[in-house]
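A.B. asks: One letter stands for each residue in the lines below.
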Amino acid sequence: MTSRHVRRVPRWVIAPPVLALAGCGDQEPGALLPRGSVAQEIGGLTLLLVVLGAAVFVLVLVALGMAVRSSPLGSGEAVATARSRRLVLGGGVVLPVMVLVPLTVAMLVSGNRLTHRQGDVGLTIEVVGHQFWWEVRYPDLGVVTANEIHLPVDTPVRLLLTSADVIHSVWVPQLAGKVDMIPGKTNELRFDADTPGVFRGFCAEFCGLQHGRMHFLVIAQTADDFEAWITEQAEPAAPPADETAARGMEIFSEHGCAACHAVRGTDAVGVAGPDLTHLASRRTLGAGTVANRRGNLAGWVVDPQGIKPGNLMPPTPLDAAELDLLLRYLEGLR
Amino acid sequence: MTDRDTDAAFAELERTWASRPGLIGFLTAVNHKQIGLRFIWTAVVFLLIGGVEALLIRLQLATSDGTVLGPEAYNQLFTMHGTTMMFLFGIPILEGLAMYFVPLQIGTRDLPLPRLNAFGYWVYLFGGILLHWSFLTGDVPDGGWFAYPPLTSTEFSPGAGIDFWLLGVTFVEISGIIGAVEIVVLIMRFRAPGMTLSRIPLFSWSALIMSGMMLFAFPFVVAASVLLEVERKFGAPFYDPSLGGDPLLWQHLFWIFGHPEVYILLLPATGIVSAVVAAHVRRPVVAYPLVVASLVAIAIASFGLWVHHMFTVGLPVLVLSLFAVASYFIAVPSGIQVFAWIATIWEGRPRWGTPLWFVIGFLVIFVLGGITGVMVATAPFDHQAHDTFFVVAHFHYVLIGGVVFPVFAGLHHWFPKMTGRLPSESIGKTAFWLMFVGFNVAFFPQHWLGLQGMVRRTYTYPAGLGWEAANMASTVGSFVLAAGVLLFLANLAHAWRRGRESGPDPWGADTLEWAAQSPPNNHNFDSLPVVGSLSPLWDRGAHGYDDETLESIGVLGRPWLGRREVLRTTVVAADPEAIVVLPGPTYWPFVTAAALTSSLVGVLVDAWALAGLGAVVAVAFLIGWATEDRVRLTRQSSDPSGTSPDFLAAVGTDEDPGHEVSGSDQAPALARRRAAEHFKALTPRGHSASWWGVMVGLTALATIVAALVYAYFYLRLGADSWPPSRSSERPLGIPLAALALVVVAGVLSMPRAGSGLARWLAMGLAAGGLTLQVVAVVGSGYRIDANAYEAIVIVLEVMAASLLAVALLVRATMLVEAMRSPTDPEPVEVDIAYWRGALVLWAVLWAVVHVAPRVV
Amino acid sequence: MTQDSSRRADIPSPGWLWVTLLAGPLAWFGHLNISYALVYLTCRPWGVLWLHLVTAAAVATIAVAMGVGWRRRNSQTHARSEMTEVPESGWQLVGILGRLLGLFFLLVTVMAGVASAMVSPCI
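Protein chains in written order, with my numbering: chain C, 273 to 606; chain F, 4 to 859; chain V, 185 to 307.
One thing to keep in mind: the hints can contain errors.
List of simulated lysine to any residue pairs, SDA-like, C-alpha gap at most 25 Å [claimed, not checked]:
no., chain 1, residue 1, chain 2, residue 2
1, C, K457, F, G238
2, C, K457, F, L720
3, C, K457, F, P726
4, C, K457, F, S245
5, C, K457, V, G251
6, F, K432, C, G337
7, C, K457, F, F159
8, F, K432, C, K457
9, C, K457, V, E269
10, C, K457, F, L318
11, F, K432, C, V340
12, C, K457, F, Y713
13, C, K457, V, A263
Derived coverage of chain F by chain V (criterion: at least 3 residues anywhere in the stretch with Cβ under 8 Å from a Cβ of chain V; other residues may be distant) [what the hints assert, rightly or not]:
no., region
14, 280-292
15, 304-310
16, 411-421
17, 507-513
Treat the hints as calculated values from the structure; they're not laboratory data.
Ideal placement from N, C-alpha and C gives every residue a C-beta, glycine not left out.
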């Protein structure tokens, strides 16, 4: 959805109460600090729900407090009965109906606004859930990556979601609500980002052992930055820069890495694991588990089960020299 | 009741209704108080187990990158925590309270089908043990209490953990259905004379409605679990999209059960609240008709909300909106109940004891849970909140605030009735405050965590997201809550031995259970009460039945020939209908449950011989059970004269000296005479308790069939062609012949009693039909792992054949039984009732299998 | 002999009471499930009319049942007190439950109809 179709709740309306709710004002990564029109629409609805809910809660507490403090029956049975009836019908029927009927209308209006028109899509991205990582494809742009979704700001994005194994669910709280990835079915999620930035995403549906470490990053960029990123990613892998990296490439194929991983432009065409063509350009390893630094990468290659037990990558037994060569190769995959 | 004659009569009653002593007594007991109490304490044990699991979960999440548990252990523990709390604590403790107190509250002496009740307990116990046995084998279920496939298929969960879960949960659900049948028949047919529908205490109403809901909800999860277990064991692709299945089918079936499940827990808890409020503010709950209507409205509406658990699976916006709107308006009947309690407190004279404090805590927490419920029912908001800690907070507000607090209020309130002793008030209130504060500290921050992005079922979270403080608070709160729970239970345990004696009615409460002794004697009431008011103990003599107090008329005040007698009354007006003789202690429930359990273990470990043997033995035991001499079972007393088997005897006729009405000496002679006239005018009518049990049980059976048919059409609507290939087409010849035979068999059984010969003949025809059906299925060449179509058709055929096979067994057993005691109408009634129901369901399944693929 | 059995003569036909009791819940439940199924079939010009037709039928069913229940109610109690006071007989309670459930499910069905009117089945 684009900003044209969403009447935005101005940020200053949401921000103060939401900041109060958010407490510490931490930047990461909640639904209370929306950075896109969809999350903002839901944020407005959230605010309405919180305010109405709090008002109803206070009303009930006041009634309960008055009931607790009321003096023992002294007003006669008939008065008591009439008062009880007013209380029950007023609190139990009139109050909820007066709150819920407008709320129904607000919800339906919001549901309509959140729904997107066909053809109003700036960018389509296919995301496939795997135990326990995300395969990300840009079908129109010839780019395949993993665990990172790059997109240009202020552009309506459509994610086509499915799963290669069990049910997963895509959720980036600051940008949009979640949508499940279900094997045998393709779901859509449409949203946009209005600010450049890095937003953490989560797998929201329990998907097995490492459900808890199945994160990803959405990287919203200016149009120019995004163009540059796409151009770089669409390239096949850079050839090994030097002799050591070339030796690392051999180790890559000798130790069976290529059975599961693809590096475009080489003989490695495996599909079980993430595409590594531009591995070095990514920010995390293991679907958001650790930062993509040399030490972590080494640890991941040698003992992935130590970092993220239960992920499907087997350990690769390498001596220190071999590991160093392999790392040089992998670090060259920019 | 001073005269010697009545003393002797009461001693005789006490002996008649006694259980046997010792271990034998433990295995054979059927009395509702013993069974109810067992349900309660077993559930409390499971509460402690589930609580420890919860604390371990909170320890792991207390810090970022926690290392208390690994991901495997964490997933196992949250699965078992949810399963234990929902299936092994929540339902059983509420059923246990209902089994214990509803018969007392509605003025009868036992549940109408006591053996079935005992069976239900053993099934529950064995199912719970089976589930936890997995901790010993190491195959602990780890698919979540919702067990979504394909994660729970053999491909992604190859171990036995999910099998433990599916079989254990199914077993426990069957126990729940059994208890539900029992309670429905009890409340519909065994209320004290004069307790019309408008005089049923609210707790009993809620128990009735809970049980009615269970009959329609539990069969869906039983059906879903059986399909998944068949998928795991035999490769049937019900949930496998590559062969025509659909993982969403599970979610629909599970939540058609799962949403009502929440209200199955909540409604009886609100019934407890009503009972506690009335007794402790010394005033009946106001707006009785509105409150009853609210219970019924919530119960019915809860069956139309299930999709709100599936807001993120990719359904059209309008579908979400329809279910969101329905979910919203549950707030109206809930609000009516909340304000009815507030108004009652307002107009009453509260006694601020522990039970009332728990009610206040319940109101505060539950209202907040209801408000967040409206929030998550708002589909767009739910897209953010779904599967996060916001939802975790929401349903713990509803389930701990809405169920655990009322249950604890009820335990404290009814403890004196169960033990004759009063728990300490000061310790009780301390426990309340610990629980109330601990609960809110534990769960309130989770709302915020959820909106900050913390998803459910995550075993850890990285540092730097700003979640540490809230999680630590939550963990600390959970330990405070646990301390409160332990203190509460310790208070009860201490009072059980050392508490102050309470006397029969320490609270001055309004309902009939407080007219019995504390603890009640074996037969509950020396003579069955007669009721003329919603608050019989407050309106003694005011608007009493026939203007008399409830003690003054001695209904069934003297046992006749040592039989366990209760009074059956009509549904709406509670007019006496007949005297029913209930069975006494027996081994059959225990051994049958044991045989079934061994069969289940056989399935679990792929020992099919054991599974088959266990099933055959269980069926044999069931036949033994059905043909047991119910009259002889009740021969506990020393009365040597009892021999007559006709146990639907008229009340108070001249030939029946035991039934003459005896009253206390103080009772006005007029009342005695009136009562005598009343019961003399009574001729036995209506159906037996067993007939009602069969009819209510058939409701559950029909719901299982409905769930399977739903699955069939759900798969059909998702398929491009149906059947998926020409090879699945079957000729109609033999199935038509089978149908013809079964229809004729049904017609032959139409006359109400049916002659013996016609029923034998019908049996033969039905057996022929069954044979033809089996021949047709075997001849079809269908393979269960071929595709979803063939798999679901095989399941429907097996279901139909089982219904018919059981009908044949029932008929054979009952025909023999009828020859043994020709004057007893019960075997004939039971036979005809089940026979009709089974044949109709068989025909429905036949139509789905053979007509549906040709038409739609 | 009991208060109820003597009063039963006043009730025209208990069968009607059960009808009024069940009409609201069944009409609502039918409306919800049929609308759910229709959502997939009505995304075409004028298709939405089917949804409104189903809503109208459900609302009419509940209204008729409530009308019948109201006309046949045999209580002298004021309608307002009826909701809050314990009725004399069980049959009266059945009648009151029927009217209250009818009102509730009428409200929910109408609001679901509002949803069908405001949200397109095509999205």
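A.B. asks: Kindly indicate which numbered hints from before are broken by the structure, ordering the numbers from low to high.
C.D. replies: Result: hints 5, 8, 9, 13, 16 and 17 break, sorted rising.
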